[in-house]
Structure formats: C-alpha cells, structure tokens
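Q: Heads up: the protein sequence lines correspond to chains A and F, in order. Residue numbering for the first sequence is 174 to 369, as defined by the numbering used here. Residue numbering for the second sequence is 174 to 369, as defined by the numbering used here.
One thing to keep in mind: the hints can contain errors.
When chains are identical, the list treats them as one kind, so a pair holds in a single copy or across two.
Here are the simulated lysine-lysine pairs, DSSO-like style, with alpha carbons at most 27 angstroms apart [as the list claims (entries may be wrong)]:
1. K272 - K205
2. K272 - K187
3. K187 - K205
4. K187 - K303
5. K187 - K247
6. K337 - K187
It is worth saying that the hints were derived from the structure and are not from the lab.
Number of protein chains: 2
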Amino acid sequence: MSSNLDPLLSLIAKLPGLGPRSAKRVLLHLLKHRERLMRPLAEQLATALDTIVACQECGNLDTHAVCHLCADPKRDRGLLCVVEDVSDLWAMERSSVYKGLYHVLGGTLSALEGRGPRELSMDALLTRAKRPEVREVILATNATVEGHTTAHYISDALLGGRAKITRLAQGIPFGGELDYLDEGTLGAALQARLPA
Amino acid sequence: MSSNLDPLLSLIAKLPGLGPRSAKRVLLHLLKHRERLMRPLAEQLATALDTIVACQECGNLDTHAVCHLCADPKRDRGLLCVVEDVSDLWAMERSSVYKGLYHVLGGTLSALEGRGPRELSMDALLTRAKRPEVREVILATNATVEGHTTAHYISDALLGGRAKITRLAQGIPFGGELDYLDEGTLGAALQARLPA
C-alpha cells in the first residue's frame, strides 16, 4: 500500500478493538466514502476536540463546563452515583432507571499500578458527598477487586456522614443461566437471596 | 451520554466492524487520549482527504496522480494484475511476490446489483492490456461467483490479443487441513493436482 497512508493507518490500528487488518478495512471504507463518512468524521473529531470538556462537577464529558446532567433541574440532587469511568456513567444512563447525579472517579485505587486517592477525583467526591442536600451515595464501581477496594475506601471515608451509603446489588444477571455462571456470582446471589 | 457527541458517535459506528457499543468504546478512548491519538487522527484524516487520489493509471490510492507503483521503474511493465479492489492490491503487495503493475476494476460485474462493464474501469483495462509491452494479464479477482464471471468476461474480451491471460491458482490454502476445507476447494484442488 501507499506509504503515504501509513501514519493514518497506524492511528486507526490503535483504536480499541481494531488491529492492523481491520484498520486497513476501515481506512479503505473511509476512502471509498469520502464525502459521506470520511469528511464528516474528520470534522466531527476536530469539533469534539475543540468543544468537549470534562464537567467540573461530576467529570462527565460534555460541551459545557457543567454537563447537561448536572445542569438538569429535573435530576435528583439528593442522589450521588459514584462510577469509575465516563463509560460507566453512560451505561447507567442507558438503563434509564437512575435519575440522580453522578461522580466520575477516573479509575480505581490500585496499589499495583500506584494509583492512590490523589490520582482520582476522590477529594472532590468527599466534598460533594458531604453537601447537605445529598441523602444517598450509591457506589457503582465495577464488581472487580479494585472496584470493591475503591468502594470500601469511599464508604470508610464517608462513615458517620449524613448520607446513606449503598452499593449496586450483585447477583444473577438478567437472562443468566445458573449452569453458565461463575461460582462467585452464584455464591453472592445465594447469600443475597431475597424473599420470593 | 451527552447528545453533543451523538453525531461523532454515529459516524464511528458506521465504520466496518464497529457497532453502537464498540463505537462508544472507541469514542471514549479517543477522548481520553486527545493529544496522543484523537488530534493526530483528525489531522491525518483531513490530510488524507486533501491529498489521496485514485491513480489515473491503475486505480490504486496514492498522493500522486500516478501512484508509486505505476511510477516505479523497477516494476515489470509486461505484467498486469487485475484486482477487484484496492484492498486486493494491498493484499497482493503484502505477499511481496508480484513485481508487475496492477489494474483496479472497482468491483465485479453483477447482474443482480446492476453493475455492467461501464460501472467498472473495464475500458481502461482493455486499452492497457493491449499495449505492446504487456506480455501477461493475471486475473486476480476473488474466487466468488461474481469474481469468476468478471474474470471470464475479461478473458473473452482479450481473446486473440498478444498478451497471455492467466488466473490465480485455486487449491488448498497454506496450512489448510483437509478436514476443515469446503468441498468446492477440495474438489478444485484435486482436479488441479500437480506431479509431486
């Protein structure tokens, strides 16, 4: 192939889920659909670079310094859902169940990778969680060792505060078949069993 | 998620191999690595849009009106390899075996999709193939029904000309195990058997 396209190709190959081969397919597809796809994509990328910032309140990505969720008067300011990452916030929003505010930590505590509270937006969380209007802090970190550690750290730090501290339920996923579930999930679901 | 990112997200989701979910992952990855990945990508896309053109000789994509393969004095001008698409040209180049020139048809003949010779660069091929220096035209269309039809059409059209007309060998792929091959491939390999 033309070496002139190599820099672009190697950038595309760096995107998650793409490799050298699929990057070539993407690049050819782009070059075949220049006006319909490639030009709008280049323009939208440039626009997003110029306009998208992290919300100064919750860490969500938006065009405004205070994101559309934090600015929405219809969201319940008494609820604060703590997530690791913006992708988790989006996943929560997809479920359309939660109507409170968020706090994006920017990762988990990790001794192994040398990430302490200072590498995350932990101070900002503790400050927000102590606001008088906050009734409940929902810990929605991932169900991984690091996620649990981080949730423990936060619930310790907020101990004795006004707000109730809760975490997402663990159990059998929707549509899950017992035979295919790992023992950890099944054990946790058993221990957390509810009256039928 | 922020509706401001929706246009970008839906463009990313249109790339081959990506769906709504993986597009979100790609978008977040880009927003996390703005300076290292997102900005260079936007710039390289814009540059490619401005500079990459189809080679007026063979149809390859390059920054020059005559591509670096057609312009290369070391390539054998007596060999003309006919491929359906630029991706096939790149695949041939990866094998590093072929040292002649190419001709990109831009697809296959297809009654079903209403693609006749005029929708492809067929006239240009027939003109090029009749040049006195061309000794051999190698038909390297895909081993599909449309690919075969297109190859037949070309070999008919070039019948009686000076150039030899050949096509890629069909048979067992490198590393192929008989048990896993389809009957068509196995049958063709048997019929095309060679002295050991």
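Q: Which hint numbers doesn't this structure obey?
A: 2, 4, 5 and 6
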